[in-house]
Each structure stands twice: as structure tokens, then as C-alpha cells.
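Chains A and B are the protein sequences, given in the same order.
Each step along the first sequence adds one to the number in the numbering used here, with nothing skipped, and position 354 is 354.
Each step along the second sequence adds one to the number in the numbering used here, with nothing skipped, and position 428 is 428.
FYI, nobody ran anything at the bench for these hints, they're computed from the structure.
There could be a bad hint or two in this list.
For chains that are exact copies, the list does not tell them apart, and a pair is met inside one copy or across any two.
As the list claims (entries may be wrong) - Straight-line Cα separation of at most 25 angstroms, SDA-like style, residue types lysine to any residue; simulated pairs:
| no. | residue 1 | residue 2 |
| --- | --- | --- |
| 1 | Lys97 | Arg123 |
| 2 | Lys97 | Arg161 |
| 3 | Lys97 | Leu118 |
| 4 | Lys97 | Ala13 |
| 5 | Lys97 | Gly111 |
| 6 | Lys97 | Thr35 |
| 7 | Lys97 | Pro110 |
| 8 | Lys97 | Asp315 |
There are 2 protein chains.
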Amino acid sequence: MNRLIWSQLDEAARSAALTRPVQTVAQQTRDAVATLIAQVRTQGDAALRAITARFDGVDLQDFEVSDSEFAAAEATVPAALRQAMVEAAERITRFHKAGMGQGYAVETAPGVVCERMLRPIGRVGLYVPAGSAPLPSTALMLGVPAQLAGCPQVVLCTPPRADGTADPAVLVAARLTGVQRVFKLGGAQAIAAMAYGTGSIPASDKLFGPGNSFVTEAKQQVAQDGVAAIDMPAGPSEVLVIADAGANPAFVAADLLSQAEHGPDSQVLLLTDDAAMLAAVEAEVERQVALLPRQDIARQALSASQLIQVESLADAFAISNRYAPEHLILALREPRDWLGQVQAAGSVFLGDYTPEALGDYCSGTNHVLPTAGAARAYSGVSVASFQNLISVQSASAAGLAAIGGCARIIASAEGLDAHERAVALRMEVAA
Amino acid sequence: MNRLIWSQLDEAARSAALTRPVQTVAQQTRDAVATLIAQVRTQGDAALRAITARFDGVDLQDFEVSDSEFAAAEATVPAALRQAMVEAAERITRFHKAGMGQGYAVETAPGVVCERMLRPIGRVGLYVPAGSAPLPSTALMLGVPAQLAGCPQVVLCTPPRADGTADPAVLVAARLTGVQRVFKLGGAQAIAAMAYGTGSIPASDKLFGPGNSFVTEAKQQVAQDGVAAIDMPAGPSEVLVIADAGANPAFVAADLLSQAEHGPDSQVLLLTDDAAMLAAVEAEVERQVALLPRQDIARQALSASQLIQVESLADAFAISNRYAPEHLILALREPRDWLGQVQAAGSVFLGDYTPEALGDYCSGTNHVLPTAGAARAYSGVSVASFQNLISVQSASAAGLAAIGGCARIIASAEGLDAHERAVALRMEVAA
Numbered sequence: 001m002n003r004l005i006w007s008q009l010d011e012a013a014r015s016a017a018l019t020r021p022v023q024t025v026a027q028q029t030r031d032a033v034a035t036l037i038a039q040v041r042t043q044g045d046a047a048l049r050a051i052t053a054r055f056d057g058v059d060l061q062d063f064e065v066s067d068s069e070f071a072a073a074e075a076t077v078p079a080a081l082r083q084a085m086v087e088a089a090e091r092i093t094r095f096h097k098a099g100m101g102q103g104y105a106v107e108t109a110p111g112v113v114c115e116r117m118l119r120p121i122g123r124v125g126l127y128v129p130a131g132s133a134p135l136p137s138t139a140l141m142l143g144v145p146a147q148l149a150g151c152p153q154v155v156l157c158t159p160p161r162a163d164g165t166a167d168p169a170v171l172v173a174a175r176l177t178g179v180q181r182v183f184k185l186g187g188a189q190a191i192a193a194m195a196y197g198t199g200s201i202p203a204s205d206k207l208f209g210p211g212n213s214f215v216t217e218a219k220q221q222v223a224q225d226g227v228a229a230i231d232m233p234a235g236p237s238e239v240l241v242i243a244d245a246g247a248n249p250a251f252v253a254a255d256l257l258s259q260a261e262h263g264p265d266s267q268v269l270l271l272t273d274d275a276a277m278l279a280a281v282e283a284e285v286e287r288q289v290a291l292l293p294r295q296d297i298a299r300q301a302l303s304a305s306q307l308i309q310v311e312s313l314a315d316a317f318a319i320s321n322r323y324a325p326e327h328l329i330l331a332l333r334e335p336r337d338w339l340g341q342v343q344a345a346g347s348v349f350l351g352d353y354t355p356e357a358l359g360d361y362c363s364g365t366n367h368v369l370p371t372a373g374a375a376r377a378y379s380g381v382s383v384a385s386f387q388n389l390i391s392v393q394s395a396s397a398a399g400l401a402a403i404g405g406c407a408r409i410i411a412s413a414e415g416l417d418a419h420e421r422a423v424a425l426r427m428e429v430a431a
Numbered sequence: 001m002n003r004l005i006w007s008q009l010d011e012a013a014r015s016a017a018l019t020r021p022v023q024t025v026a027q028q029t030r031d032a033v034a035t036l037i038a039q040v041r042t043q044g045d046a047a048l049r050a051i052t053a054r055f056d057g058v059d060l061q062d063f064e065v066s067d068s069e070f071a072a073a074e075a076t077v078p079a080a081l082r083q084a085m086v087e088a089a090e091r092i093t094r095f096h097k098a099g100m101g102q103g104y105a106v107e108t109a110p111g112v113v114c115e116r117m118l119r120p121i122g123r124v125g126l127y128v129p130a131g132s133a134p135l136p137s138t139a140l141m142l143g144v145p146a147q148l149a150g151c152p153q154v155v156l157c158t159p160p161r162a163d164g165t166a167d168p169a170v171l172v173a174a175r176l177t178g179v180q181r182v183f184k185l186g187g188a189q190a191i192a193a194m195a196y197g198t199g200s201i202p203a204s205d206k207l208f209g210p211g212n213s214f215v216t217e218a219k220q221q222v223a224q225d226g227v228a229a230i231d232m233p234a235g236p237s238e239v240l241v242i243a244d245a246g247a248n249p250a251f252v253a254a255d256l257l258s259q260a261e262h263g264p265d266s267q268v269l270l271l272t273d274d275a276a277m278l279a280a281v282e283a284e285v286e287r288q289v290a291l292l293p294r295q296d297i298a299r300q301a302l303s304a305s306q307l308i309q310v311e312s313l314a315d316a317f318a319i320s321n322r323y324a325p326e327h328l329i330l331a332l333r334e335p336r337d338w339l340g341q342v343q344a345a346g347s348v349f350l351g352d353y354t355p356e357a358l359g360d361y362c363s364g365t366n367h368v369l370p371t372a373g374a375a376r377a378y379s380g381v382s383v384a385s386f387q388n389l390i391s392v393q394s395a396s397a398a399g400l401a402a403i404g405g406c407a408r409i410i411a412s413a414e415g416l417d418a419h420e421r422a423v424a425l426r427m428e429v430a431a
């Protein structure tokens, strides 16, 4: 990890310190993804079979998980894991349900009622990665809000394993959230299939979920094509920790490492106003990383990461808001007092006993969050991500009389005569 | 307009009937926009001056509207127009304010509190077109929710007129909503400037507003680059009217025309279960279009538009949901009874006395709405469009004890050991 003293950096060095590891998608990746998408679009299931054979090494005739495979998954998953997922799903449901928006109506003028209705998005597609490891928790994070929104068509894609089956824990998680249709399909081909539809995979209006650079690029391309919306742009995972002198260096180090183990391009940042804390965390990271099975990945991520000494905690929050981290851990004595300073972040963890892993799995918040600075203008997945807001207005003859003149004046100023006449004509008849 | 009987169409003909006029962006447009963006990105204000001279025919040294130009605008705009905009802004404010989300907190387990905070997006850029005519109403529709959200930095770009000034009504509308910084800059160059920033125009985190195909393509390209988020993909405006036998053909025709006059690529659709109504509307359209100053534009739009006879109103709603119109007018005797059938639309207008123009200007709802079928998965602009949702969690030692085991089990199942240890370490210390 790099040790920096913020006050000694010029603007260029500060900017460099906050720059994420390379995010630019290689032209090669873009082209490869475009080719895969075109194949799926034109050749449908045949293309999916060929691509799956090539990349996943399995020949699949049917992509859809059968009832017997679901039953086998239920029999395979350890009871403790199933129970943990049930509990996690309950808390995720409780938190997400409490935040659901409501329709409303307002009389904006006598006889003019404006309303907002909420409707589930009709057809949604969920992607659950299984790269270095399957992520049943992601199935919960996507399936719960889809279920709460009431989306009538929900499909889930997850890569097949070498034996042609899907990860049992992912299947159990999917069923816990009411997802009935799961397809063994990964990568850009899964995104293309859910966007355009094939003989066996229905098309979706919106696609959700994290993934590797191919999945991410495929989501961008289908969104750009206008065929399906996506939840958010995605990038490597990241955490920023703000620690004061009273923080526990072992805890902070453990949090930095739990982010670093995600992948070699993950980024972790520590900001502290205490030089001794910075040194202590660095020593702890060294000690703990050696104990990790995934230490190679973690060490790569750490090499691009920063330990930054700041002059004050207020400076730390200004830097954090500029960086807009996916995860923000406040390892502070009075973290709640500082919450008002947080302007841009995906999810915030308060105090010594709230490791990021709680939010990743089971506190109740969503773990599908904006990365790469997208937290400046995007939010994590919530039930609202699975809903459309539709506005409605209704004017009586009196209502039209009350506001029609206003509409006519502005329409005329904009040179839109037919707009003006559509109002005037009614006002004449209604008068 | 084309007259069709839905029950007589095969699936291919139905699909063709609901296909929007060409939306594919020409490669030439894509390339031209990419070039403009690159110029603005690398050469900043110098590029903006050269491009503005070329496209708008004016040499501007300063793009920012000065205090004296604002004052001149106030003196120029007719009192009736100013008053209409004041009233419109009040109703837009009332409706949008009533729909603002709230933060909340839930104890998801004893000692575990999960929360959601709302924060304004820090830096937003608004685009107000002035192609065939300036659109002060769009300044209201974007400025009001930005102000309600409390965005600390709001800039607005609108194209300069031939004399180098901005449209006075747009300036007055901007100031009515608290927007202080307006730049005379249009097209793709305005989008590039607001996304990347230049010497004189500050960078934004999210860009809003409609525009021509260059503006729309520029928004897509900067969003794809990850430098700024955008409100939604945009396309030509459109309306779908569902009329029953009791509708007023003159009203329906006026509504179809007020959409058609927007541009030659606008699309209008009428669905009715009454053959006589269909014929009557067609005759009325012919009669009314001849009276319009913009009849050339309207006629072009009408040539790609459809009058469709359906067997039942239920069929009409199914077709409408499939099409997902930007504007949906329910020219029905009991429109509210049918509202539950609406699954995907931008904004809905109920009954005979609610012409679309009311929503365009002054009912209170927003007129920046999803087009081109995007209403299947996108919503119109609201205060939420200008806010970030940030989740927060806080566990006490007891809370960690309550749910830490759950997190550890799932982390282990996912092979993420550092996640598991970050929890275990704290549980040991806390115990």
C-alpha cells in the first residue's frame, strides 16, 4: 500500500491518489462482447450453446434449471447455510419493504388532480456471477426487491459449473425470493439473451447485477442499444475507511482486506488524521494478509491502494465525497455525528462493530452498489429500481378553466400552436 | 395516417404498426458527436467558441449569461407570460414536493439499525433546447426538482440566438427556479462542456433534459464514458390516445396534432373500439391540420402514425402497455376505472378536459418523460432524479453478535475468507 500525506500533495498527486485502477475497457473486450451479442441476437439458442461450450466447457441442451435440479439443490445445501440465507432474506426484505415508495395525489388547482402511480417493471433479468466463487447473496439482493416490487416476469442467469449444473446455494437463494425461472448461462451471452430474448430465454426490460468486465460491457452495450435498461454502470469493488485515533487497527485492516480479496482490481483507501493509526493499520494488513487463502489477489489489490494521512476528519470527508466510494466505513468514536458530512457513497458502515461484510450479506441493506465514483449520481439497488413511476393528471371542466389559460400562454410563447388549440378548443366547449 | 384493424393483423404487421419511426442513430451522427466531444474535452472554451461560431453563427467570448442580460430578459418578457410561468412553477413545485422521498431507519435485528439517507446530487447540468422554438417550460421542469432536491451546483445550457443572446423567457424561467448560472451553449458541445467541464463551464455529475439527435447522442456518449450520468435515453415525442365511442373527435384530433407538431419524427397513435370514432377523428385531423402554422411538420409525423381499431378497450390497454407511450391520453367515459390497466407509460391524461398540453406546461407533473418505449423501465424526471440514496448500517456489539454468525456462514460459502474474518475478529473482541 502507498502511504501518502495529503497536505504534502499537489493537485495532480491528489488526483492520482484517488484515481481507480484502470477502468478503461479494452477495445478488444468491446469488440468481443459486440460479437457475442450479435451472435446471440441472430442465432439465439444455437449461439448460446456454442458459446457456453467454448467458455464454460459444458454442452447444455437446456439452459433452464429443472424442478429436479432445484430439488437436488435443496437437498445439497447445508442446513446452516440455508438458514443463514433465510434470515438474511428476512432482514433484506424488512429493510427494503420499509423504504418502498407510495403513490400519491395532489390537487394542484381547483379541479386539477395530479398523481403518481407505482408499477412494477414488467420483465426483469437478474445476473448472479460465479467467477472465482458463486454468489448466492447476490441472488438475495436482486430477488428480494424484484419480489417486493411485484415484477410479473423475473428470470435469473448464473454461469453453469463444469458438470453442467448450477450452484445449489444460488438456486436455493433464488427460490427463497420467489424467482422461479433460472438459466444456466453466464457472461456477455447471458446479458444478450436476457436483453433480446431467444427461443428459450425470455426478453427483459431491465437487467440487474454485477459481473466481470464482459458482463459489464455487455450491459452497457444493450443499454446503449436501447433494448433494455440496466441498474447501473459497474466496476471493481472498493472501500474507503475513515479512522480516528481511537479505531482498532486490526478491525480496519480486516475491512481493507475483505475488500481487497474481491479481485486484483479492487481498491481500498484509508484516511486517518492519526499517523500512529496509519502505521498500525499498515502493520496489521501485513500480518493478516499472510493468513488469507486469497492473499495473492489481495496483495495485487493492495498495491494500488492508499493509506492517506489527513490533517482533520473534515478533510477526510471532503476527500471521501470527491472519491464517492461504493463502501464507506466510519471507524470513528462518534460516527453518527459525522453522517451529515457524507454526500456521496453507496453504503455507509458506522463504528467498530459494523464490518462491511454485514452489509454484504445480512444487515438488510443492498450490496449491489455504485462503484468507480458512480455514487456521485447513482444509488444502490432498491425496490424503486424495479418500479416505474407513472404520473397521472385529471382536470374537470372547472380545472381546465382554472389552468388552461396558463397553458395557452406558454404554448403560444413556445410557438406550439396545436398545443394551444388543444386547450382552447376544450375551453370553448366546456364554457 | 394509416388505418388498421388490429384483429386482422398478423404478428409481424402488429409489430410493424407499433414500431417507432427510425430511431437508429446514423453512424455519421455518432462520429460527428464523438469528434465534437473530443474537441471540447481537449481544447475547452476555444473549441466551444469555434463550434458555436460554426453551428450557431455567433462569436461569443463569454458563454455565461450576465446579470445585465438577466435584467434585460426580465424587462423583455411580457407580464402575462411571466405570470403564467410563475403559476406553472408553483404547481410543478407543489406536485413534485409532495412526492419527495424521505429517509428512514429500521431495526432489522436487536442492535442492528439500517437506514437510508437522501442527498442531493452535487453537480447537475440542465439542457434547455431552442431548436424550432425555445422551451422555457423545460427550464421549469428541470429547475424545480433540482431546487427541491437542493443540488448545490446547478448550471443550465441553452443555445444562443443569432444575436448572441439567450431567449429571455428561458432566462426568466431559470431564475424562477433558482438557477443562477446559465450558459449560451447548445448541441453536443453543451453536453460535452457540462460533462467534462471547461475553463468557463463547470463539470456536472448528471445531465438532464431533452434535445435533438446530436444532444441525445452526446448524452449517451458521455454516460457510456462514465463521466456523467444522464436522466434517461431520449427520442422523438409521442402520444397514444385510447378513445371510446363517447369521445369528442375534435378533442382527440387536437391532441394527436399537438404531438405531431413537435417534429417530423414524432409519432401519434389512436386506439379505439369504435369504427365511427376512428373515421371521425381522421376527418377532424384533416380539418384541423390545415389550420396549423406548423402543418408541414405535423403532416410528416402523421404519415408514420396509426389509427387502430381494436375489439375491446382491454385490447387497447394491452397494446398500449406493449408500446409504452410517453404520453397516454384516456379519452374514455370512466377513465379512472381503467387506470389499473396502465402498466407502462410516462404520463397519463384522464378524460376529455385534460389535454396533454396541461401536463406539458402547468398541471404540476413533469414533461421530461421516457420516449421510444423506455417507459417500460424508465420514469419521468422527479426530485428523486436529482438525489442519491445512501444506505447506512450500524451494529452494536449485541447487534454484531445477533447477525455476525449469519454473515460468517454465507461468506464462507462464497469462499470470501477475509469477509468472514472481519466479522469473526470483532465477535471475538466484543464477546
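Do the hints match the structure? See the list:
no. : hint             : in the structure
1   : Lys97 <-> Arg123 : within (20 angstroms within a copy, 30 angstroms between copies)
2   : Lys97 <-> Arg161 : neither (33 angstroms within a copy, 50 angstroms between copies)
3   : Lys97 <-> Leu118 : both (14 angstroms within a copy, 17 angstroms between copies)
4   : Lys97 <-> Ala13  : neither (44 angstroms within a copy, 42 angstroms between copies)
5   : Lys97 <-> Gly111 : between (34 angstroms within a copy, 19 angstroms between copies)
6   : Lys97 <-> Thr35  : neither (40 angstroms within a copy, 46 angstroms between copies)
7   : Lys97 <-> Pro110 : between (34 angstroms within a copy, 18 angstroms between copies)
8   : Lys97 <-> Asp315 : neither (36 angstroms within a copy, 33 angstroms between copies)
In summary, the structure is inconsistent with hints 2, 4, 6, 8 from the numbered list given earlier, while agreeing with the others.
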